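Student: Take a look at the letters that make up each chain.
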Amino acid sequence: AQKVTQAQTEISVVEKEDVTLDCVYETRDTTYYLFWYKQPPSGELVFLIRRNSFDEQNEISGRYSWNFQKSTSSFNFTITASQVVDSAVYFCALIPYFGNEKLTFGTGTRLTIIP
Amino acid sequence: DVKVTQSSRYLVKRTGEKVFLECVQDMDHENMFWYRQDPGLGLRLIYFSYDVKMKEKGDIPEGYSVSREKKERFSLILESASTNQTSMYLCASSLLWGTGNQPQHFGDGTRLSIL
Numbered sequence: 001a002q003k004v005t006q007a008q009t010e011i012s013v014v015e016k017e018d019v020t021l022d023c024v025y026e027t028r029d030t031t032y033y034l035f036w037y038k039q040p041p042s043g044e045l046v047f048l049i050r051r052n053s054f055d056e057q058n059e060i061s062g063r064y065s066w067n068f069q070k071s072t073s074s075f076n077f078t079i080t081a082s083q084v085v086d087s088a089v090y091f092c093a094l095i096p097y098f099g100n101e102k103l104t105f106g107t108g109t110r111l112t113i114i115p
Numbered sequence: 116d117v118k119v120t121q122s123s124r125y126l127v128k129r130t131g132e133k134v135f136l137e138c139v140q141d142m143d144h145e146n147m148f149w150y151r152q153d154p155g156l157g158l159r160l161i162y163f164s165y166d167v168k169m170k171e172k173g174d175i176p177e178g179y180s181v182s183r184e185k186k187e188r189f190s191l192i193l194e195s196a197s198t199n200q201t202s203m204y205l206c207a208s209s210l211l212w213g214t215g216n217q218p219q220h221f222g223d224g225t226r227l228s229i230l
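Going down the list, the sequences are from chains W and P.
For the first sequence, the working numbering gives the first residue as 1, with consecutive numbering after it.
For the second sequence, the working numbering gives the first residue as 116, with consecutive numbering after it.
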């Protein structure tokens with residue numbers, strides 16, 4: 001069975017601060033994908049990143065960066081110089097590399113950026 | 116860009132009614148999914164389909180059925196709506212895996228209230 005844990009239910013930071021959202025997962029699969037999605041107040045889930053278990057290189061995209069550590073089963077997400085538009089619920093998710101189309105989601109972290 | 120369209124943003128129905136939630140995607144994706152989202156529980160998979168007329172139960176299929184008569188359309192049916200089915204419903208689609216599972220793209224969601 002797979003499990004994704006986002007222990008931080010809600011986080012509030014002041015604008016321009018950096019913030020890290022934690023994601024810890026459990027899986028028996030040796031190859032898998034990890035995802036982050038953003039859900040703004042409008043409701044739709046927006047795909048942010050897919051990371052496969054072969055590749056432990058960190059990734060940076062603008063103000064966003066992701067730290068994947070297979071040894072600790074974690075895939076954390078950092079927003080640098082946060083902005084009000086970053087306010088949303090963020091979900092971490094896991095799926096086996098092949099087959100079994102079930103995407104297992106964490107319960108989400110609600111991030112509020114205070115102007 | 117992938118577009119996943121859900122027929123209603125908000126829907127109010129009465130207990131015992133038969134309810135149809137419609138979802139259409141425009142990117143010729145093989146896979147389609149229905150989730151429900153509840154506070155503190157994250158997203159839970161109800162049903163998914165990897166081909167026309169094919170369906171698979173997700174984690175919480177009880178009280179729901181689905182229909183996929185055309186590749187682009189995936190309908191969720193509440194045969195006899197109950198108040199515990201009040202929730203946010205999200206539809207998603209993705210390409211059939213070839214080089215590993217592809218990101219799921221989500222619609223805007225339907226907030227369903229059963230009175």
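Heads up, a few of these hints could be off.
[Stated by the list, open to error] Derived pair list, reagent style DSBU-like, types lysine-lysine, alpha-carbon separation capped at 35 Å:
id, chain 1, residue 1, chain 2, residue 2
1, P, Lys133, W, Lys102
2, W, Lys16, P, Lys168
3, W, Lys102, P, Lys172
4, P, Lys170, W, Lys102
5, P, Lys128, P, Lys118
6, W, Lys102, P, Lys168
7, W, Lys3, W, Lys102
8, P, Lys128, W, Lys102
9, W, Lys70, P, Lys168
10, P, Lys170, P, Lys118
11, P, Lys118, P, Lys168
12, W, Lys38, P, Lys185
13, P, Lys172, W, Lys16
14, P, Lys128, P, Lys172
15, W, Lys70, P, Lys185
16, P, Lys172, P, Lys118
17, P, Lys133, W, Lys70
18, P, Lys172, P, Lys185
No wet-lab data here; the hints were simulated from the structure.
Remember, it's a predicted structure, so these values are computed and weren't measured experimentally.
Student: Compare the structure with each hint and give your call.
Tutor: Right, here's what the structure says about each hint:
1. P:Lys133 to W:Lys102: 27 Å, holds
2. W:Lys16 to P:Lys168: 50 Å, violated
3. W:Lys102 to P:Lys172: It holds: about 10 Å lies between the C-alpha atoms, which stays within 35 Å.
4. P:Lys170 to W:Lys102: Distance of about 13 Å is within 35 Å: holds.
5. P:Lys128 to P:Lys118: 27 Å, holds
6. W:Lys102 to P:Lys168: This hinted pair holds, its Cα atoms lying about 18 Å apart.
7. W:Lys3 to W:Lys102: 12 Å, holds
8. P:Lys128 to W:Lys102: Roughly 29 Å between the alpha carbons, so the hint for lysine 128 of chain P and lysine 102 of chain W holds.
9. W:Lys70 to P:Lys168: 38 Å, violated
10. P:Lys170 to P:Lys118: 21 Å, holds
11. P:Lys118 to P:Lys168: Roughly 22 Å between the alpha carbons, so the hint for lysine 118 of chain P and lysine 168 of chain P holds.
12. W:Lys38 to P:Lys185: 29 Å, holds
13. P:Lys172 to W:Lys16: Violated. Lysine 172 of chain P to lysine 16 of chain W sits at ~44 Å, over the 35 Å cutoff.
14. P:Lys128 to P:Lys172: 24 Å, holds
15. W:Lys70 to P:Lys185: 40 Å, violated
16. P:Lys172 to P:Lys118: The hint holds at about 24 Å.
17. P:Lys133 to W:Lys70: 46 Å, violated
18. P:Lys172 to P:Lys185: 19 Å, holds
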